[in-house]
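Protein sequence lines correspond, in order, to chains L and V. Numbering of the first sequence is given in this note's numbering, commencing with residue 107 and proceeding in unit increments. Numbering of the second sequence is given in this note's numbering, commencing with residue 5 and proceeding in unit increments.
Just so you know, these hints were derived from the structure itself, not from any lab. Using N, Cα and C, we set each Cβ at its ideal position, and we do this for glycine too. One thing to keep in mind: the hints can contain errors.
Said to hold, decoys possible - Pulled from the structure, derived: some chain L residues nowhere near chain V, Cβ distances all over 10 Å:
| # | residue |
| --- | --- |
| 1 | His120 |
| 2 | Asn160 |
| 3 | Asn191 |
| 4 | Ala207 |
| 5 | Gly231 |
| 6 | His239 |
| 7 | Leu271 |
| 8 | Asp272 |
| 9 | Thr275 |
| 10 | Ile286 |
| 11 | Arg289 |
| 12 | Pro316 |
| 13 | Phe321 |
| 14 | Arg326 |
| 15 | Thr336 |
| 16 | Glu339 |
Said to hold, decoys possible - Okay, the calculated beta carbon distance ranges per label pair:
| # | chain 1 | residue 1 | chain 2 | residue 2 | range |
| --- | --- | --- | --- | --- | --- |
| 17 | V | Thr99 | L | Asp272 | 51 to 61 Å |
| 18 | V | Asp151 | L | Lys346 | 55 to 65 Å |
| 19 | L | Pro124 | V | Thr99 | 52 to 62 Å |
| 20 | V | Leu242 | L | Gln288 | 53 to 63 Å |
| 21 | V | Asp151 | L | Ser226 | 23 to 33 Å |
| 22 | V | Glu254 | L | Pro124 | 37 to 47 Å |
| 23 | V | Thr45 | L | Glu232 | 53 to 63 Å |
| 24 | V | Phe17 | L | Glu232 | 37 to 47 Å |
| 25 | V | Val100 | L | Asp272 | 49 to 59 Å |
| 26 | L | Gln282 | V | Thr241 | 42 to 52 Å |
| 27 | V | Asp151 | L | Pro175 | 23 to 33 Å |
| 28 | L | Val125 | V | Gln148 | 54 to 64 Å |
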Amino acid sequence: MEVVVKDLAYTYNHNAPPVQALDQLNLRVQSGEFVAIIGSNGCGKSTLLRLFANLLQPTRGAISLGGLPPAQIAANRRVVWMAQNPALLPWYTARQNILLAQRFARTPPEKNVSADELLSLVGLGEFSSAYPHAFSGGMQQRLSLARALAMNADLWLMDEPFAALDELTRERLTIQLSEIWQRRRPTVLWVTHSIPEAVRLADRVLVMTPRPGRFYGEVRISLPRPREDTTLEFQTYVRKLKQMLVSGGETG
Amino acid sequence: MKPISSQSTLPTFVILASIFTGWEALVRLRGIPPYLLPAPTHILRTIFANLSLYGQSTLITLGESLSGLILGVIAGTGAALLLSLWPRLERGVMTVAILVKSTPMVAIAPLLTIWLGFGVLPKVIITALLTFFPVLVNVISGLQHADPALLDLFSSWRASRWEVFRFVRLPSTLPYLFAALKISAPLSLIAAVVAEWTGASGGLGHVMWLAYSNLNLPFLFGAVFILGLAGVAFYITLTWAERRFVFWQEIEA
């Protein structure tokens, strides 16, 4: 699903002095592209995804998802949004949480990946009938990830999905997710704080300036997958992005 | 979620036992006459001597308060749901609700007895009126305080209003409903008893009133004991049900 953003701006007006979160944002993401977005705290990354998910309406400018504004595309259930907060239904088991998402995704049942398969993918296979309140923060986030995958969407809006995970789990899931992406080829917008994570996953990494958020620059990652973060090229990308993040912070 | 363990029941038992032993000792050593303060053993003997009368009265009073409680929960929940569907009604319904809440129950009870007689009905109505308000307020608050993260998720899923209601708002009211029940359940016993004082053909309140008129303190205390036990039973049942149905939340006992 191609994503096109033109001169996008968003201002939070419910605060006493209005806060301009995003300004003059332009973006074009090809169908099947994996784009990571990095930037400092409060630069409007989450706001951007919420605009794509149709939870907010742009103050100015336009978003087109596969040729349609978010308000219309979301009705087709082809977009999945995963928030930082795992947002699980506490009164449902892990399995029921996934089944509910699939019910809303409205994909034909034969196309659905089984809930148990998804749960074992994120390492929760034996917890399918447990309730989320018994889970650790990391487990909740993994369940939330499994639920997002369950929706089999064409566009994934992922807001720091690995933030609460320990380093090892994060690495393992990054590899698995990379494989899933290569198999299904959805368009992905992946917000993260971790530069190595962005380099490991993305085709292209965008760097945002502090508030109001704009795109400061971008780096195309032309490394074959799976990517080893010990290689020299990998480290070069990481260093380059770090520099860009620092100088972007100064201009913002 | 800690189960009621022997650890927590032991101190309770010790404290209760020492209160009753102290009471018993005080009455016996000081030779206090039963028409001022009967000893616990005396009260227990009175209960067992009049078991069928007490049993019948307990059934009546518990029946009244339970039916009133159930009616109040149904009406309160129903009103809260109506208000969430048609927010315009809120002012009107809340005015009536506050009116009901602020009018002292003791003031309405004699009226209802005069209009509806000595039977069970006026007691049920009083209890229901008393239950209605906390249930209404809490269920409304539960419907409004659904987790914003879940509301966002459902909104990104393009869920209809009904789906949001069914999957998010309704289950979110459960903890609030139980909070209301914990307030209402003991009140419902009080309501039934007070309503019986204004005139009744049976029930623990009726027994108390008769005993009071005859200054028969052991008899009066018998009813008080049973009411206390019933209150505790209500509370334990509710706590159990809360653990069972609102299992996802830490519950303070």
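Subject >> Indices of hints not satisfied (ascending) >> reply: Of the numbered hints given earlier, those the structure breaks are 2, 3, 4, 6, 18, 19, 28, listed in rising order.
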